Amino acid sequence: MENSVHLNSILAIDIKRCTGCRNCELACSAAHTGTFNPRRSRVQVLKDEVRNIILPVVCLQCEKPLCAGSCPTLAIAKNSKDILVVDDELCIGCKDCMAACIYGGIVMDPPTGRAIKCDLCQGDPVCVKACPYAAIVMLPAKPDGARERYGGIETLSSSYGLVKEEA
Amino acid sequence: MPFRYKGYAGHYLEVDLTKGKVNTREMQEEWARLYLGGSGVSARILWERTGPQTEPLSPDNVLVAATGPLTGAMFSPSGRMMFASKSPLTGIWAESHVGGFLGPEMKYAGFDLVILHGRSPKPVYLFLNDGRAELCDATQLWGRETNVAATMIREEHRDPSTEVAVIGPAGENQVLFGSITVDFYRAAGRTGLGAVMGSKNLKAIAATGSLAVEAHDMDKYLQANEQEMAKLSDPLWTESIASLRKYGTTGLVTMINEIGRLPTKNHWTGYYEHADDIGPEAISKQYRIAQEACYGCAIGCKYIFRVKDGPFAIGPAGGSEYESIMAFGSNCLNNDLASVLYMGTRCDLLGMDTISCGKTIGFLMELWEKGILTSKDTGGLDLSWGNTESMAKLVEMAAKREGIGELLALGTRKAAERIGGDAPMYAIHSKGLEASGQDPRAHQSVGLTYAINVRGADHLRSLSSLEELGYPEVIIKRFGKEKYEEIKKITSPVYKGEVIKDIEDLYALVDSAVICKYGTMWPPVYYFETFINVIPPLTGMDEWSSMKFVREAAERICHLRRAYNHRLGITRKQETLPKRLLSDPMPTGPAKGGLPDLDYMLDEYYTKRGCDLKTGFPKKETLVRLKLDAVAGDLESRGLLASN
Chain A
191 MENSVHLNSI LAIDIKRCTG CRNCELACSA AHTGTFNPRR SRVQVLKDEV RNIILPVVCL
251 QCEKPLCAGS CPTLAIAKNS KDILVVDDEL CIGCKDCMAA CIYGGIVMDP PTGRAIKCDL
311 CQGDPVCVKA CPYAAIVMLP AKPDGARERY GGIETLSSSY GLVKEEA
Chain B
4 MPFRYKGYAG HYLEVDLTKG KVNTREMQEE WARLYLGGSG VSARILWERT GPQTEPLSPD
64 NVLVAATGPL TGAMFSPSGR MMFASKSPLT GIWAESHVGG FLGPEMKYAG FDLVILHGRS
124 PKPVYLFLND GRAELCDATQ LWGRETNVAA TMIREEHRDP STEVAVIGPA GENQVLFGSI
184 TVDFYRAAGR TGLGAVMGSK NLKAIAATGS LAVEAHDMDK YLQANEQEMA KLSDPLWTES
244 IASLRKYGTT GLVTMINEIG RLPTKNHWTG YYEHADDIGP EAISKQYRIA QEACYGCAIG
304 CKYIFRVKDG PFAIGPAGGS EYESIMAFGS NCLNNDLASV LYMGTRCDLL GMDTISCGKT
364 IGFLMELWEK GILTSKDTGG LDLSWGNTES MAKLVEMAAK REGIGELLAL GTRKAAERIG
424 GDAPMYAIHS KGLEASGQDP RAHQSVGLTY AINVRGADHL RSLSSLEELG YPEVIIKRFG
484 KEKYEEIKKI TSPVYKGEVI KDIEDLYALV DSAVICKYGT MWPPVYYFET FINVIPPLTG
544 MDEWSSMKFV REAAERICHL RRAYNHRLGI TRKQETLPKR LLSDPMPTGP AKGGLPDLDY
604 MLDEYYTKRG CDLKTGFPKK ETLVRLKLDA VAGDLESRGL LASN
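Keeping their order, the protein sequence lines are chains A and B.
Residue numbering for the first sequence follows the working numbering, starting at 191 and increasing by one per position.
Residue numbering for the second sequence follows the working numbering, starting at 4 and increasing by one per position.
These are calculated hints, taken from the structure and not from any lab test.
It should be emphasised that the depicted structure is a prediction, and the values quoted were computed from it without experimental measurement.
Hints are supplied without guarantee of correctness; some may be wrong.
Stretches of chain B that chain A covers, calculated by requiring three or more beta carbons in the stretch to come under 8 Å of a beta carbon on chain A [as the list claims (entries may be wrong)]: (1) 186-193; (2) 287-300; (3) 374-386.
Where a beta carbon is used, it is the ideal one built from N, C-alpha and C, also for glycine.
Let the hints inform the model, and build the full structure from the sequences given.
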């Protein structure tokens, strides 16, 4: 794994490997809040048991982030390591970023009412270590990494009928 | 003041369904210290609030829904919770555990446990959210199958992350083995707790929350947790864990048939020649579509399946476990895999225990074969072995208590009593609970496990996999080198009393913490040290650093549950096996000729447990040593203590 000062890295999730155990949420909340509280996790696993959909979502560290563009107080910006973060002091909890992000990569923190999102744990993401199924990896934001990111959603596409299923 | 110990949500809820009142109370220190949570705390509560006079389906009965300190605290596997009550099926101690996501969610919603009593005048469900609790109208949910009701509750609160425990039509109709379906396809199946909910007009318990579960010392706890998780990577269990991930518990169909322990034809034998037809490879090739896991679980034994077409088309849904495959498959001489999976899922949707349902169907099939039941009794249904069409109909009829379903809904013991004549000879149960998917004629210690299990004939309170899978290192470490040769012999009763007592103690903590049997029963990764390692940094209960204290807590829980049953009339006489498993030698298969030496094992077990050999009652000094003085006093006044 490349680990430069300027991270330029992304988290890629292979949803074929994800079992929906949500251990990433527990690890994330422990790292960021010092407690176990999955609603405060920066990575969220969405589930629809009736349709057999398990969909882990996390910030994709977009090159042109819709969340940042929608923020009226400019609270979302890249930090010195090139990681997109929310400035707690500036965030007013208006939820515009949530509405703007089409990937569900930014959520509201219930106790503070402020936006929270993945900060890649400043380069050493706890969710990657906590995943027992190796479904999350950190990759450099090069074309290869992006391809991997897209590869992960094949199963989802077939669930939605976008990809034809084999017999 | 926040609750002194961390790892707990810190509050519990009292629900009076008759009055429609909910009361939030602070968690009790003594419950945590002496009983940990789950099974232990439930035993304490039920001992105090129910007894011989409590009619299980009356408003007087108490239902506990409980978690433990490890629930939702990232220990793997700890996505579990449990329910406890007095059983309508057996009339004795009842507890049933379930995985999924509701247990952790209850804690994030602010509650370690919920105690329910009374009977609501109209259908209601309990909704827990961020420290608040509310009884909501369930009129629209009543009569719905479990997946529909759970979805409706999520929609009503506009919160798809709400986790739900719900009963189906079977529980509403008080089918005696009605179950509680959790998170769509997991079940607190055994002992009829769904019927208890039905009798209380309680359709569901739902929770969603954003409250934190704290640790006493988070860094130290995470470190301890990591040490324990590292044990899962020991090469000793690589194969077992790989099998659980690949096949889930369905892998057991093959493994258990190979040792002649797979209940076949209403437990007539332990070997099914068509086991491969309903085995792991067949499921994997034809119907399995995905792997799933409970909260924070690194093992991930759950699988999702779909039968696309044919008369048994169903899914996608959570796939049947080994026990359901045994109950609707080999036990009924049925090798039609799609029908087995179909009936398993129908039971989840109707809210019925697959083991008791399948086993009671097998029992009726044997009565049909023997001519004790005829088409006059069955309303024209042909109950020949393996008749899948009739079996599928019976499942629906049981849930509705229609026709012969009324008889089926009673479970084997009560159905046999009602039929009379020779019928009780074919009822395979202990203390009223249908035997699960093992056979003591192929595995001695299973006989003892079935006989002494506080909830009746099943494996989950003390099954030992040590001699089945032969982990020599584990046996030597736990019981010493000199006992290894005898313990590892699956057909030897020697030292099995000691082994089963030890494992019953271990599982008492597993069931109170609340964690899973995978990682403890199979493979046997965690032992008493695990609790010493993780409980103190998580909770701040320093006493749990002492092996003596931890062992005593385990014994205390076991003795309290036993005392609960003694008060209801259970003695050594009831701690036995059905005649077929006790005295009819195994007729076919690899374990041919086998029989358990139950008396030998019981003597050793009672001695190790500190009980009287003749009655099974505890000695007073045993109870006093375990700080159960009040329990000793109560039993003494009823003449239920060992006479010295």
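message: Cut-off 8 Å, C-beta pairs, minimum 3 residues; does the coverage of the region 287-300 of chain B by chain A stand?
response: With 9 residues in contact (Cβ-Cβ under 8 Å with chain A), the coverage given for the region 287-300 of chain B holds.
message: When I compare C-beta atoms, does the region 374-386 of chain B have three or more residues closer than 8 Å to chain A?
response: Not satisfied, violated; 0 residues make the cut.
query: Are there three or more residues in the region 186-193 of chain B whose C-beta lies within less than 8 Å of some C-beta in chain A?
result: Per the Cβ count (3), the hint holds.
Hint 3 from the earlier list is the only one contradicted by this structure; the remaining hints agree with it.
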